[in-house]
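Student: Given next are the chains, with one letter for each unit.
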Amino acid sequence: MKAIGRMVAGLVLWALVFTVLYSLHGVGCERGWAEAQLTALSLHRAVLLAVWIFGTAAGLALALAVDWRRERMTERVGYWMAWTGAVSIFASGLPVAMLPDCL
Amino acid sequence: MSALRRHRALERIWRNEPGWRGRFTSVNHTTLGLRFMVAAFVFFAIAGLLAMLIRAQLATPHGGFIGPSAYAQVFTMHGSIMMFLFAIPLLEGLAMYLLPKLLGARDLAFPRVSALGWWCYLFGGSILIAAMIAGVAPDSGWFLYPPLASKPYTPGINADVWLLGITFVEISALAAAIEIVVTVLKLRAAGMRLDRMPIYAWYLFATAGMMVFAFPPLILGSILLEVERAFGWPFYTADRGGSPLLWQHLFWLFGHPEVYIIFLPAAGAISTILPVLARTRLVGYGPIVAAVLALAFLSFGLWVHHMYTTGIPHMALGFFSAASSLVAVPTAVQIFSWLATLWQGRPQLKLPMLYLIGFFVVFVPGGLTGVMVAVVPFDQQAHDSAFITAHLHYVLVGGFVFPMMAAAYWWLPHMSGRSHPTRMGVAAFWLVLIGFNLTFLGMHLTGLLGMPRRIETYAADIGWTALNLVSSVGGFVQAIGFALFALDIGLQVKFGRRSQRDPWRAETLEWAMPTPPPPYNFVSLPRVESREPLLDDPELGVRLVRGEGLLAEARHGWRETLAVNIVTGEPEHIAVVPGNSLLPITMAAVLGGFFLSMLAGWYPVAPLFLVVAAAIGWRWATETGSPAAIGKLPAGGGLELPTQHEVRGGPGWWGSVITVAASVTLLASLLFGHAFLWTVSTDWPPPALVQAVWLEPLLVLVGAGLALWAGRRADAGAQAERSHAPVTLAICGQFLVFSALIALVAWRIPSPAEHAYAATAMAMAAYALFHVGLALMMWLFVRRRIASGHIAGERSAPLRIVRLWSGLGALSAAGIALLLVLPAWLA
Numbered sequence: 001m002k003a004i005g006r007m008v009a010g011l012v013l014w015a016l017v018f019t020v021l022y023s024l025h026g027v028g029c030e031r032g033w034a035e036a037q038l039t040a041l042s043l044h045r046a047v048l049l050a051v052w053i054f055g056t057a058a059g060l061a062l063a064l065a066v067d068w069r070r071e072r073m074t075e076r077v078g079y080w081m082a083w084t085g086a087v088s089i090f091a092s093g094l095p096v097a098m099l100p101d102c103l
Numbered sequence: 104m105s106a107l108r109r110h111r112a113l114e115r116i117w118r119n120e121p122g123w124r125g126r127f128t129s130v131n132h133t134t135l136g137l138r139f140m141v142a143a144f145v146f147f148a149i150a151g152l153l154a155m156l157i158r159a160q161l162a163t164p165h166g167g168f169i170g171p172s173a174y175a176q177v178f179t180m181h182g183s184i185m186m187f188l189f190a191i192p193l194l195e196g197l198a199m200y201l202l203p204k205l206l207g208a209r210d211l212a213f214p215r216v217s218a219l220g221w222w223c224y225l226f227g228g229s230i231l232i233a234a235m236i237a238g239v240a241p242d243s244g245w246f247l248y249p250p251l252a253s254k255p256y257t258p259g260i261n262a263d264v265w266l267l268g269i270t271f272v273e274i275s276a277l278a279a280a281i282e283i284v285v286t287v288l289k290l291r292a293a294g295m296r297l298d299r300m301p302i303y304a305w306y307l308f309a310t311a312g313m314m315v316f317a318f319p320p321l322i323l324g325s326i327l328l329e330v331e332r333a334f335g336w337p338f339y340t341a342d343r344g345g346s347p348l349l350w351q352h353l354f355w356l357f358g359h360p361e362v363y364i365i366f367l368p369a370a371g372a373i374s375t376i377l378p379v380l381a382r383t384r385l386v387g388y389g390p391i392v393a394a395v396l397a398l399a400f401l402s403f404g405l406w407v408h409h410m411y412t413t414g415i416p417h418m419a420l421g422f423f424s425a426a427s428s429l430v431a432v433p434t435a436v437q438i439f440s441w442l443a444t445l446w447q448g449r450p451q452l453k454l455p456m457l458y459l460i461g462f463f464v465v466f467v468p469g470g471l472t473g474v475m476v477a478v479v480p481f482d483q484q485a486h487d488s489a490f491i492t493a494h495l496h497y498v499l500v501g502g503f504v505f506p507m508m509a510a511a512y513w514w515l516p517h518m519s520g521r522s523h524p525t526r527m528g529v530a531a532f533w534l535v536l537i538g539f540n541l542t543f544l545g546m547h548l549t550g551l552l553g554m555p556r557r558i559e560t561y562a563a564d565i566g567w568t569a570l571n572l573v574s575s576v577g578g579f580v581q582a583i584g585f586a587l588f589a590l591d592i593g594l595q596v597k598f599g600r601r602s603q604r605d606p607w608r609a610e611t612l613e614w615a616m617p618t619p620p621p622p623y624n625f626v627s628l629p630r631v632e633s634r635e636p637l638l639d640d641p642e643l644g645v646r647l648v649r650g651e652g653l654l655a656e657a658r659h660g661w662r663e664t665l666a667v668n669i670v671t672g673e674p675e676h677i678a679v680v681p682g683n684s685l686l687p688i689t690m691a692a693v694l695g696g697f698f699l700s701m702l703a704g705w706y707p708v709a710p711l712f713l714v715v716a717a718a719i720g721w722r723w724a725t726e727t728g729s730p731a732a733i734g735k736l737p738a739g740g741g742l743e744l745p746t747q748h749e750v751r752g753g754p755g756w757w758g759s760v761i762t763v764a765a766s767v768t769l770l771a772s773l774l775f776g777h778a779f780l781w782t783v784s785t786d787w788p789p790p791a792l793v794q795a796v797w798l799e800p801l802l803v804l805v806g807a808g809l810a811l812w813a814g815r816r817a818d819a820g821a822q823a824e825r826s827h828a829p830v831t832l833a834i835c836g837q838f839l840v841f842s843a844l845i846a847l848v849a850w851r852i853p854s855p856a857e858h859a860y861a862a863t864a865m866a867m868a869a870y871a872l873f874h875v876g877l878a879l880m881m882w883l884f885v886r887r888r889i890a891s892g893h894i895a896g897e898r899s900a901p902l903r904i905v906r907l908w909s910g911l912g913a914l915s916a917a918g919i920a921l922l923l924v925l926p927a928w929l930a
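Protein chains in written order, with this note's numbering: chain A, 1 to 103; chain F, 104 to 930.
So that you can see chain A by itself, here it is in the shape it has in the complex (with noise of 0.2 Å):
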């Protein structure tokens, strides 16, 4: 079982960020982070970028970790996950630097 779990490590990542990123939002727009300034940010946004780069940095680390052991089918393609995994999690967290927060 462990070798499947290091073959799905990188998207089960990507799952987990997605899985904060949306929920922070919905709490954030709840709560009124978005009307908190924190200098040039709003608190709700500032906590959306730290976790979509936190967790696109994490993805790439583990991406890179994964990197030497790509003997066997099962590893290369925990490799290939890992990376699409950072990759999806950047691509899916883009709107974090782009789209107003609530509205």
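Heads up, a few of these hints could be off.
[To be verified] Which residues of chain A face chain F? A few of them, derived with a C-beta cut under 10 Å, are: (1) 8; (2) 23; (3) 35; (4) 48; (5) 85; (6) 91; (7) 93; (8) 99; (9) 103.
In case anyone wonders, no lab produced these hints; they're calculated from the structure.
Glycine residues also receive a C-beta, built at the ideal position from the N, C-alpha and C atoms.
Start from chain A and add chain F according to the hints.
Tutor: This is chain F only, laid out in the frame that chain A set:
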């Protein structure tokens, strides 16, 4: 022993009982798989007839063929049958039939669970069809949105039929999912490492994994809506703290992965058939496995793309739009791998290949319009229009129906033992392809011209007339094609000539057995060294019949198959699967009684059926295990292996792990619902409804702690046979939790009809009560089994399983009790 005597000995053990009784007691995967597929095609025919009614109605403006009320039932039933009674059961049936054969096993991991799934599907589907004949079919669309589906707007039983009937059918889907995951993990041929699995097994593994996590949200949503309709608990009623949008979230949390749940098994058939017909190997086995697993994950991040017009903030829509675009990448990886396979090989234009070409022609445009509707501004224009109807049909007919027709022609010689006699399949193909495109290509334009979905009539002067007429003509052309297909299949089964064993020269294990397959599949079980065992050894089938593989001896009347290490595929133990039984049909009938009594509004009677179901479950469990030590048994090839009764990580354990995962997903969906309502409700929780209580939560925590600690001690002491006292303590702990939860429900949670907060609180308490009650019953069962000698020494696997369930009950009860009192404590 001669091959014939070995065949007769195995046949006696594995065959269905003769006569009518055999129809009710069979648990054999080949029989059940075929039943599922035949029934699915019958439901397909019914839904197809409904589609003809829709097209007849829309053929001309001001259509008067059927009235609006009947029309609403017709389109609702068309979608519901196609999705829940055709697509999913067909893939379940194909998986049930094929999977053990592909993996070199004799049966699925839990044959009685397969049979239970079959009866639940048949009974649940029959409820829906009977309701349609009676004129009380669901009529709120196949996704049954409240408030339209709520009591005030659908006061009859129409929506209840959907909620109860579909939930009943979903039992079969979950059962199949658990069955498939465990079978892929454990019941493979010796030497079949993960990277030697046939590609189809990867597809089915991913699909089943998705089903485990996708179905619980829908089951939860259905239960909540039925409870709202029956008892007035306002989960979806806005003026009492609920939200109809919660249903949309729960439904599409299931509904979008559902598209891939339907697509992936069909794609698996393509990846299996295409290389053989292209006379080459599949290009990119590894990338395809990665793509399939990526789809399995990413498809869960798309559900909101069905809700772009519901007023969700732009940023949240952006998350889902990005994920919706991303999901095209792994789909494209598969498409390009298939094209590369065709390019690399020397394709033969045999009948299944024709249908695969149909897949490419139809599915790719459907995928591309999928990318279009993933983009928020476009979707806001096209939402709920005929464009979406066209898109979804291109995806589902292209991505499922065409590959499944190819699969039917591909595996029919295996199922029937007969070869294909006519050219009618070619005519059927062209009629379906041309008819389909006539129906749905123009429908994109009809949608862009503004025609909404589900309307029963339209005016003559708005420019939709010609397009609708063409769609209707195309629909009937398509129907003739499907009728020809059915006739062709029937002729092959009835009059086809005897087929050779491997007519396509395929290289996977299902072709290494006589056709039609005997009930035990393989006389002896193969050892494999690659992904193409028949390429390595074209005489493998003959050698297996001679008994040169593993587990060749029939003994003790046991149905034996091999269980292997998940990663290496090396043999670990002998799985002894149960034989013919009346328990599955009895259980399904009792569950049917529960659903029917709910449908009839006999609420006091309904729980009695659950009590009977619990008693049957108890009886079910008593038929497992061994009262005495067995030790290692010869398995052939010099191997000696223990039976599953004497190992800790057998199929039963993995089945429980997967079932617990499904249950935790249901709880997570419930917690999501609670949190969602909190974010959309202005007074959540209403201060008047929360009470700062200490005693009951404290008792729950103490009881849960005791149950967890005692469960661990019981499991640890199993080998030394010191489990009796800890088991008693675990029972006490769970009983304390159960009692405290009852007190919490009875005295502390306000009336659930008052506000959605109280309703979700009660739903969470009900979840905890159910699981704690289940754990309590399991511990009592274990206590009896220890006394009867079934659990002792090496035969302690049930303790580990019960500890898992007990842990779920205790932890969920503790978490939920804390969650319920937390707002008051914080206040």
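Student: Each hint: holds or not?
Tutor: Here is what the structure says about each hint:
Proximity of residue 8/A to chain F holds as hinted, the smallest CB-CB distance being about 6 Å (cut-off 10 Å). A hinted interface residue such as residue 23/A counts as satisfied when its beta carbon comes closer than 10 Å to some beta carbon of chain F; here the least separation is about 7 Å, so the hint holds. For residue 35/A, the suggested interface contact is broken, since its CB lies about 14 Å from the closest CB of chain F, more than 10 Å. Restraint check, residue 48/A versus chain F: the minimum CB separation of about 8 Å is within 10 Å; hint holds.
With 10 Å as the threshold, the beta carbon of residue 85/A comes within range of chain F, its nearest partner Cβ sitting at about 8 Å, so the hint holds. Below 10 Å, beta-carbon pairs count as interface contacts, and residue 91/A has one with chain F at about 5 Å; its hint therefore holds. With its C-beta approaching chain F no nearer than about 7 Å, residue 93/A sits inside the 10 Å limit, and its interface hint holds. Checking residue 99/A against chain F: minimum C-beta separation of about 4 Å stays under 10 Å; hint holds.
A distance limit of 10 Å between C-beta atoms decides the matter here; for residue 103/A the minimum to chain F is near 6 Å, and the interface restraint holds.
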